[in-house]
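Here are the chains, one letter per residue:
2 protein chains.
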Amino acid sequence: MARLFHVPLSPFCRKVRLSLAEKKIEVELVEERYWEEDADFLRRNPAGKVPVLKLDGIMMAESGAICEYIEETRPDPVLIPQDPVARLEVRRLVSWFDDKFHHEVTSKLLYERVNKKVMGKGYPDSGNVKAGAKAIKYHLDYMTWLLDHRRWLAGDAMTLADFAAAAHLSCLDYISDVDWNRSDVVKDWYAKIKSRPAFRSILADQVSGFPPPRHYNDLDF
Amino acid sequence: MARLFHVPLSPFCRKVRLSLAEKKIEVELVEERYWEEDADFLRRNPAGKVPVLKLDGIMMAESGAICEYIEETRPDPVLIPQDPVARLEVRRLVSWFDDKFHHEVTSKLLYERVNKKVMGKGYPDSGNVKAGAKAIKYHLDYMTWLLDHRRWLAGDAMTLADFAAAAHLSCLDYISDVDWNRSDVVKDWYAKIKSRPAFRSILADQVSGFPPPRHYNDLDF
Numbered sequence: 000m001a002r003l004f005h006v007p008l009s010p011f012c013r014k015v016r017l018s019l020a021e022k023k024i025e026v027e028l029v030e031e032r033y034w035e036e037d038a039d040f041l042r043r044n045p046a047g048k049v050p051v052l053k054l055d056g057i058m059m060a061e062s063g064a065i066c067e068y069i070e071e072t073r074p075d076p077v078l079i080p081q082d083p084v085a086r087l088e089v090r091r092l093v094s095w096f097d098d099k100f101h102h103e104v105t106s107k108l109l110y111e112r113v114n115k116k117v118m119g120k121g122y123p124d125s126g127n128v129k130a131g132a133k134a135i136k137y138h139l140d141y142m143t144w145l146l147d148h149r150r151w152l153a154g155d156a157m158t159l160a161d162f163a164a165a166a167h168l169s170c171l172d173y174i175s176d177v178d179w180n181r182s183d184v185v186k187d188w189y190a191k192i193k194s195r196p197a198f199r200s201i202l203a204d205q206v207s208g209f210p211p212p213r214h215y216n217d218l219d220f
Numbered sequence: 000m001a002r003l004f005h006v007p008l009s010p011f012c013r014k015v016r017l018s019l020a021e022k023k024i025e026v027e028l029v030e031e032r033y034w035e036e037d038a039d040f041l042r043r044n045p046a047g048k049v050p051v052l053k054l055d056g057i058m059m060a061e062s063g064a065i066c067e068y069i070e071e072t073r074p075d076p077v078l079i080p081q082d083p084v085a086r087l088e089v090r091r092l093v094s095w096f097d098d099k100f101h102h103e104v105t106s107k108l109l110y111e112r113v114n115k116k117v118m119g120k121g122y123p124d125s126g127n128v129k130a131g132a133k134a135i136k137y138h139l140d141y142m143t144w145l146l147d148h149r150r151w152l153a154g155d156a157m158t159l160a161d162f163a164a165a166a167h168l169s170c171l172d173y174i175s176d177v178d179w180n181r182s183d184v185v186k187d188w189y190a191k192i193k194s195r196p197a198f199r200s201i202l203a204d205q206v207s208g209f210p211p212p213r214h215y216n217d218l219d220f
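Protein chains in written order, with numbering that gives the first Met the number 0: chain H, 0 to 220; chain A, 0 to 220.
Be aware that a few hints might be false.
Since copy identity is lost for identical chains, a pair holds within one copy or between any two.
Subject to a maximum C-alpha distance of 20 Å in a straight line, what follows is the list of computed SDA-like cross-link-like pairs (lysine to any residue) [what the hints assert, rightly or not]:
{"#": "1", "residue 1": "K53", "residue 2": "D82"}
{"#": "2", "residue 1": "K186", "residue 2": "D155"}
{"#": "3", "residue 1": "K129", "residue 2": "P7"}
{"#": "4", "residue 1": "K115", "residue 2": "H102"}
{"#": "5", "residue 1": "K115", "residue 2": "D204"}
{"#": "6", "residue 1": "K136", "residue 2": "N44"}
{"#": "7", "residue 1": "K99", "residue 2": "D217"}
{"#": "8", "residue 1": "K22", "residue 2": "D124"}
{"#": "9", "residue 1": "K129", "residue 2": "H214"}
{"#": "10", "residue 1": "K53", "residue 2": "K120"}
{"#": "11", "residue 1": "K115", "residue 2": "E103"}
{"#": "12", "residue 1": "K99", "residue 2": "N114"}
{"#": "13", "residue 1": "K136", "residue 2": "L41"}
{"#": "14", "residue 1": "K99", "residue 2": "L171"}
{"#": "15", "residue 1": "K53", "residue 2": "A85"}
{"#": "16", "residue 1": "K53", "residue 2": "R86"}
{"#": "17", "residue 1": "K99", "residue 2": "Y110"}
{"#": "18", "residue 1": "K99", "residue 2": "W34"}
{"#": "19", "residue 1": "K23", "residue 2": "A46"}
{"#": "20", "residue 1": "K99", "residue 2": "A20"}
{"#": "21", "residue 1": "K99", "residue 2": "A38"}
Source of the hints: derived by calculation from the structure; they are not laboratory data.
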């Protein structure tokens with residue numbers, strides 16, 4: 000069986016979990032305290048971060064490379080369409096969330112509020128939290144603009160771009176940092192993703208010391 | 000003709016330039032002061048960053064998505080091999096440099112020394128510069144380890160992984176931040192890349208206020 004070394008509130012791990020689940024690839028989840036830089040783990044991934052996926056006998060690192068590999072070897076159902084221009088848009092948006100959104104929002108809210116405490120690195124920096132809370136509004140507005148023009152973020156079909164976005168938002172929703180009242184279309188989009196079977200394992204996540212709010216796993220949030 | 004909105008010392012722009020040049024796609028380079036957040040530029044890329052490539056009538060953003068598009072539409076010469084496991088390794092290493100190396104080294108050295116001044120954001124933070132100078136040694140050692148086992152970074156053939164790495168190192172070499180004496184195999188690898196016709200435009204770059212050191216464009220450095 001596939002094995003994923005992960006932490007529950009990592010958007011990069013969640014993107015991989017969603018890809019695997021959507022493609023019905025069973026996986027054993029192993030929580031990895033990657034910041035402790037254990038020698039065994041560094042052997043699996045010298046970059047010292049999660050996700051690391053053991054699949055097809057190969058130890059894989061980097062969530063982007065992993066998701067492309069899964070898509071190439073298990074193309075059904077399609078998460079990255081065949082047309083080069085459509086692929087470009089999917090990958091652009093995956094980068095939007097994994098790079099820009101991550102830098103401006105996830106790292107400023109989730110990492111300050113949760114990761115710092117879990118890793119014993121002190122208290123949240125209030126300037127960062129404020130900046131993240133401000134930036135997420137702009138990102139929700141950009142998603143609204145996309146979803147006003149399209150059924151899903153990258154076009155008419157659900158793709159890896161939706162999973163990348165949902166991976167970040169679901170982590171932030173776990174700490175009540177998403178204002179779902181800001182945009183009906185974003186809320187509707189998230190409700191559609193949230194109700195997929197692939198999302199179940201993510202809604203069942205529990206992080207010690209950080210109980211999720213009641214709406215987190217409620218499909219009628 | 001293709002048109003690339005870029006800045007000369009951006010590793011992400013350089014990776015795209017190297018891909019285009021290796022595949023003999025002519026491109027017009029347009030310098031873009033992206034940090035001034037000009038409305039025209041934000042229309043081209045709402046993420047507000049370079050590179051942005053106009054190719055095949057499409058405005059493209061995100062260097063990773065762009066390089067995959069170029070590869071899919073102009074597969075000759077190959078920069079991302081066909082085999083899924085080989086692709087995984089190429090993409091893992093591209094992410095290694097564009098994410099880990101960028102975060103630990105490029106942003107700590109180049110952005111502190113050059114970008115801050117160009118953007119009028121003050122003086123280098125000496126703590127960051129020191130951290131970057133320390134981290135690059137570890138990365139050069141990792142490259143040495145790879146190149147002790149392989150002809151090129153991702154295997155027996157030159158790939159996008161080599162271009163990603165060379166894009167970062169060439170920017171740092173422009174400000175004399177690479178100690179080429181640390182590793183003979185890394186120096187030999189860089190000499191091979193540097194002598195490719197695709198590298199010429201990068202060796203001719205000039206940034207106002209930052210003249211390159213003499214060895215920068217010397218093939219016998």
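Structure-based check of each hint:
1. K53 x D82: between (29 Å within a copy, 18 Å between copies)
2. K186 x D155: within (17 Å within a copy, 48 Å between copies)
3. K129 x P7: Classified as neither; 24 Å inside a copy, 33 Å across copies.
4. K115 x H102: Close inside one copy (16 Å) and across copies (18 Å); limit 20 Å.
5. K115 x D204: Answer is within; shortest intra-copy Cα gap is 19 Å, inter-copy 41 Å.
6. K136 x N44: between (35 Å within a copy, 19 Å between copies)
7. K99 x D217: neither (28 Å within a copy, 36 Å between copies)
8. K22 x D124: Intra 39 Å, inter 46 Å, cutoff 20 Å: neither.
9. K129 x H214: Close neither inside one copy (23 Å) nor across copies (45 Å); limit 20 Å.
10. K53 x K120: neither (30 Å within a copy, 44 Å between copies)
11. K115 x E103: Close inside one copy (17 Å) and across copies (19 Å); limit 20 Å.
12. K99 x N114: Classified as both: same-chain Cα gap 19 Å, cross-chain 18 Å, threshold 20 Å.
13. K136 x L41: between (37 Å within a copy, 18 Å between copies)
14. K99 x L171: within (15 Å within a copy, 23 Å between copies)
15. K53 x A85: between (29 Å within a copy, 16 Å between copies)
16. K53 x R86: between (26 Å within a copy, 16 Å between copies)
17. K99 x Y110: both (15 Å within a copy, 17 Å between copies)
18. K99 x W34: between (23 Å within a copy, 14 Å between copies)
19. K23 x A46: neither (28 Å within a copy, 33 Å between copies)
20. K99 x A20: neither (26 Å within a copy, 27 Å between copies)
21. K99 x A38: between (31 Å within a copy, 19 Å between copies)
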